[in-house]
Amino acid sequence: MDDGGPLLFLIALAPFIGALLPGLMIRAGRTVCAISTAVPTVIALTMLMVLAPAVLRGEVIQAEVDWLPQLGLSASFFLDGLGLLFASMILGVGLLITLYARFYLSGEDPMGQFYTYLLLFQGAMLGIVISDNILLLLVFWELTSLSSFLLIGYWKHLPEGRQGARMALAVTGAGGLAMIGGMLILGNIAGSYNLTDILQAGDAIRSSEWYLPALILILLGAFTKSAQFPFHFWLPHAMAAPTPVSAYLHSATMVKAGVFLMARMWPVLSGTDAWFYIVATTGLVTMVLGALIALFKDDLKALLAFSTVSHLGLLTMLLGFGTQAAAVAAVFHIINHLTFKAALFMTAGIVDHETHTRDIKRLGGLRHLMPITFLIGTVAALSMAGIPLFNGFLSKEMMLEEASHTDWFSSPYAVPVMATIGALLSVAYSFRFVSHVFLGPVRDDYPHKPHDPPFGMWAAPALLVVLVIVIGVAPFLAEGIVTAAASAVTGADLHPHLKIWHGVTPALWMSVIAVVGGAVLLALHGPLDKIWAAAPRPEAKAIFDRLMAAIVALSRGITEIGHNGAISRYLAIFTAASVGLGWVAYASSGLSAPTRGLLPVEPVIAVGWIMLVVATVSVVVMHHHRFRALVLLGIIGLSISAGFAYLSAPDLALTQISVETVTIMLLLLALHFMPKLTPRESPTGLKFRDAVIALGAGGGVGALAYAFMMRDIETISDYHVANSYEGGGGTNVVNVILVDFRGYDTFGEIIVLGIAGLVIYALMHALLDGPAARRLKNTDFSQDRSRDRHPLMMVVVTRVLMPIALVVGLYIFLRGHNEPGGGFVAGLVVAIALLMQYMASGFAWTQERKRIEYHTMIGLGVVIAGLTGVGSWLSGSPFLTSAYTYVHLPPIEEFELATAMLFDLGVFLTVLGAVMLMLYSLSRIARFAGATVNEGPMDYDPGLKDEQEAER
Amino acid sequence: MHWIILPVVLPALLAPLIGFVMRHDITLARVASVAGTVLLVAVAIGLAVMAADGTTHVYRLGNWPAPFGIVLVLDRLSALMVLLTAVLAMIVLIHAIATGWDARGRHFHALFQFQLMGICGAFLTGDVFNLFVFFEVLLIASYGLMIHSGGKERVRAGLQYVVMNLAGSTLFLFALGTLYASTGTLNIADLAVRIPQIPADEAALVRVAAMLLMIVFAVKAALFPVQFWLPATYANAPAPVAALFAIMTKVGAYAILRVHTVVFGPGVPGTEDLAGAWLFPAAIVTIAIGAFGVLGARRLMPLIAFSVVGSMGTLLVAVAAFSVPATTAALYYLVHSTFAAACLFLIADLVLSRRSSDTLRPQTPTVQNGLFAALFFAAAIAMAGMPPLSGFLGKLLVLDALRAPGIIGWAWTAILAGSLLTIVGFVRAGSTLFWKSTALVTSEPDAADKTPAEVDAAQAPATAMQVAPAMVGLAMLAGLAIFAGPVAAYLEDTSTQLFDRAGYVNAVLSPAEER
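Protein sequences appear in the order of chains A and B.
Position 82 of the first sequence, counted from 1, bears residue number 85 in my numbering, the numbering being contiguous throughout.
Position 257 of the second sequence, counted from 1, bears residue number 445 in my numbering, the numbering being contiguous throughout.
In case anyone wonders, no lab produced these hints; they're calculated from the structure.
Heads up, the beta-carbon is just placed ideally off N, CA and C, and yes, glycines get one too.
Take the hints with a grain of salt, since some may be wrong.
Straight line, CA to CA, 30 Å or less: simulated DSSO-like cross-link-like pairs of lysine-lysine [claimed, not checked]:
#, chain 1, residue 1, chain 2, residue 2
1, A, K690, A, K679
2, A, K780, B, K624
3, A, K544, B, K624
4, A, K679, B, K340
5, A, K690, B, K340
6, B, K624, A, K300
Here chain A is said to cover these stretches of chain B; the calculated rule only asks that three of the stretch's residues, wherever they fall, bring their Cβ under 8 Å from a Cβ of chain A [as the list claims (entries may be wrong)]:
#, segment
7, 414-421
8, 427-440
9, 446-455
10, 585-599
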């Protein structure tokens, strides 16, 4: 049947689109807002009624649109008898609740929000019952959890509302997540996520080895949603929601989602022992336990909540029996429970609204003050008790009938006896609802003088109790929908006959026992209540709260132990992991045979090596003295430079030595602002741990280096050597690699340098604005200051060296392409020359004599390098393609001009600018810390001093 | 053909101009930065269109043939990552400008553009050493952004961030040295040719390199046991920067996907067993750490940061399977979690700039409590993987892809239980921040330690421009969910292309003169 397909989409979408309305229409008033909420519901309900006749004839209406085919998720809907039953309930009760809530909510409550949430919930719930794809069903399933969270927490200033909402979401959310697993397994077994396909694959599913995990996971979802023991505890706490929400979600619709799911999956999952024992037993326990607790609840809504738990248990148990007759009874009871329970909730809401209390102990005698409410409440309660001529009687009889011939672990009595006890308790609390609220003498201590509410408020429950009576008296009227739904549940063609009188059956006797026993129990309620109050029993909320607190504490423990901010620990873990995993990777394979032998160790090398080792060990020992450590670092750097030179890497040696120099100079300057000693932080145990890890890491790196130095390998650098002159125009292959073969890397690296300059500058500004600045200002740096900050000898020597250094820099820059050197080293050399001036004569003096801003120098450097790269686009070549030519100017020899040189200029400028900007930042800090500024090249003018002395 | 390098060159040239020429005028810098980012988005879209037909485009820098020079490689995956970066950058940039974050310290826009350059460069390169270079670029730029506008806690956290990542860089160098010493090349395609030729019993060095590289990338991706830096870094970074960092963890994930698939991946006798075997348990633990962190958080920013850790765990569990369906799921989740994390940070910024601290304790509600609550609710739903936003679909895709026996139990338990803890954590935080606050009727503002101007700013409602970026981010998540089918189809093509090692190698190493 494709005729109704598009309508199904509209039905599914109407509430979601409609959810936009109330939030806006509230601006036109509360009544308009309520009406605008009813509109999408009415539209959806009308379309549903259009489709209903076909469904009742046994047709199934389907509609499908692809959503995520890779996953097997499609937006497909179908409407069969079960879907029709639930959809009508959802929309019908939704309409009544909309009406009821209009009068229930007070002027202070944000009504637009309420109706928006309500419609969102309605859409989600509707989606569950008409989804033809179990993944889509999951989407809607989780949406009901979310929207009900919002509805329960609607009165967000009340702690009960917030806690109830959180608890509901935690429990139903957990179930939902379990169900995701179950559904994925189910779809995997069936080979499709489409419900219609899965319903055909019952045999394959039941015989699969994955059946039990799937069953348990799906049931977890259903049981949490439908508040089955031991997950029942969230439902009473969800009663903190406004009563319309309780009536809608927690009696009529959402809590039935679990029951719906079990009914939906009935043809696939039921019929096994596992199903029977898990589902029927859970249902039975829940039914009895819920009824027992309900009897002793003084809060009207709590009483109804536990009675709902009990009735959901009843439904679960019926589905668990796995027989067709039980399925019919379940479907019928779904309808009946909906009618009387929603009416009861609304009654409780009216009582609360009018008397300002829901405490049964403070009520009584209301029949005189609120006759209409009394009538409605009594009819509904009698139906709940299962008194003949009300619809509750019919389905309860069917339940007892089924229970009477069900064996449980080969015991024929367990189920009937328990079911009778459940029914008996149910009678007791139903009678209590009537007698303790409405009967008895009129009191004069109600918190608020009660009277019947306006028509709008009692209209909805009145309509429901009319249904209670109509179905109770003429049950055949419901046969059509029950037949359609039950056939859909069982997948068989059923023709049940619903009637009031079945003759004198065991069920009738059980009913009689229940009613009489219930009345007796109510009579004894007073003393029993005292015993109940005195008896110790687990309090679900307290357990849940303790559990939650424990999990949170555990989470905090795990999190805060690990993430305690100790960088040394993070590094230790990182290093240990690297060494350990590196070893694992290494040990699980082998090496090719070495192709090289060891070189002889010459005495000079041995001495250098020993120096390096001694210096390194000394750093470890003396690192608390920052200055000494720095000196030792200098030794290490120089040794390494010498090593490079020895191993025929002059370019590296040159670079290393200039980098060393600049770094040590800058560190020296920085050291001035730091404590002379580092704090001693690690106890001995930690030191030992760190030593082990460090030795492991060092040994690992050494072993690695040894392993690859012993082997020859063919590398791409052979190509670089071969093509350096021809393709790159230079004979220094290292430089050609830097500016040409891998100029892009160099481009990145100079940018790193440039950014470093920027970051230091930005950091310096941030620091000087913060608390660090106050500390700087208050630290006295003067006591260990040299009397001669700018010694004459140094000033003179650096002045003389300056031009020489500049020429050397230029020379190194120019020769770079063919001999060791290049822009990077040249930049460092010039930077060192300038650094010397600063050290000799102070920052301010030197600063006055500079021509170009350092920022600009960095920017210019990066831009020049970048534009050199972009320039090659003009000739149609990729970024950084080099070009070179030889030029002959008469007085000097023929020389080469290469674009690579322009690129190198960019490198030069960036390096120089970055170093200088770092120096600038340091000197800013120095001046902030109170260092004085000298105008001249030295602190004193030697000439002037002589004159002064002469005057004296 | 020069399009491919534009995502690097454009910000690389713009950033110095912003930093050095326009540094005295914030408006000028803003205009340039926005213009550059808009261009970047346009270029990224162009690249995605170029890559969409499945061709692997190669850009040979300096016109040197691969593997001797450096190459940039544009395929569906790199195009996707660049596009993601550009769109995210646009969202974050507008937020930073609208909230005035960019003016609270020096050089925000220059560093921002450099950061984009570093990220795009890492996604586009076809050379592992060049990848190192761009890791350095994005590390130093991100450090600058992270400590933007200073503050004791921030600078302290920044130090941890930079030290931890420098340690990672050092290890990167060791790994590259080992790799070069055992193969003689650094080009990814060339490595993909040479490493499979190494017999399985002589692969010790290559295995070490593969393992060390994975640790290096894991540091970036915040994977256990090297995730420690992330929570404090993200929690203390300026919120828009934290939002931008949502893509930084993905750089690590991307690098694992690229290198450990193409170079060391399935079908390579010496190394194929390594990555998956170690990545999987690490990712499982990461999910747990993230989930516990969310639930145990005492402050909002760390809470979000831990949710990022958890999402990285989920992402890498899928990556660890090294199969086309799982990678498709991972990529979907990657796109989703990037926007989800960014949205959360941006929304948190809107809220926290109107509260005196980010401690999860009730305070007098801020202005627009309802709006912020709704935004936070939506973003939290996305992050926790609840419908109707893309997180739920992403989670389903990941779960669906991880069905192999031996994996399924751990993966499903971790992901589903992790989701539950995350949901509960977010619910507790949200209900305290937005609901419990409304119960406080005190009109006493906790403004004792604030200047009048700050109090005014705290009470100012968010402007449309301030809210728009977060909303656009949420719209992305919604779009990702609605168009999940087409998106997943594209991502499936993407991962198929990623696993087509021969196609990649041929495109890069063939002397093809496509220019």
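Verification of the hints:
1. A distance of roughly 21 Å separates the Cα atoms of A/K690 and A/K679; the hinted pair therefore holds under the 30 Å criterion.
2. Proximity of A/K780 to B/K624 is assessed by CA-CA distance (about 44 Å); at most 30 Å being required, the pair is judged violated.
3. Simply put, A/K544 and B/K624 have alpha-carbon atoms about 19 Å apart, close enough for the 30 Å limit, and the pair holds.
4. With a C-alpha separation of about 22 Å, the suggested pairing of A/K679 with B/K340 holds against the 30 Å cut-off.
5. This hinted pair checks out: A/K690 and B/K340 have alpha carbons roughly 28 Å apart, not beyond 30 Å.
6. A threshold of 30 Å between alpha carbons decides the hint, and for B/K624 with A/K300 the separation of about 28 Å falls inside it, so the pair holds.
7. By the rule of at least three residues with a Cβ nearer than 8 Å to a Cβ of chain A, the coverage given for the segment 414-421 of chain B holds, with 5 such residues.
8. Proximity of the segment 427-440 of chain B to chain A, defined as three or more residues with a beta carbon under 8 Å from a beta carbon of that chain, is not established by the 0 residues found.
9. Coverage of the segment 446-455 of chain B by chain A is violated in this model, with 0 residues showing a Cβ closer than 8 Å to a Cβ of that chain against a need of three.
10. With a threshold of 8 Å between beta carbons, the proposed coverage of the segment 585-599 of chain B by chain A holds, since 4 of its residues qualify and at least three are required.
Hint check: violations occur at hints 2, 8, 9; the rest are consistent with the structure.
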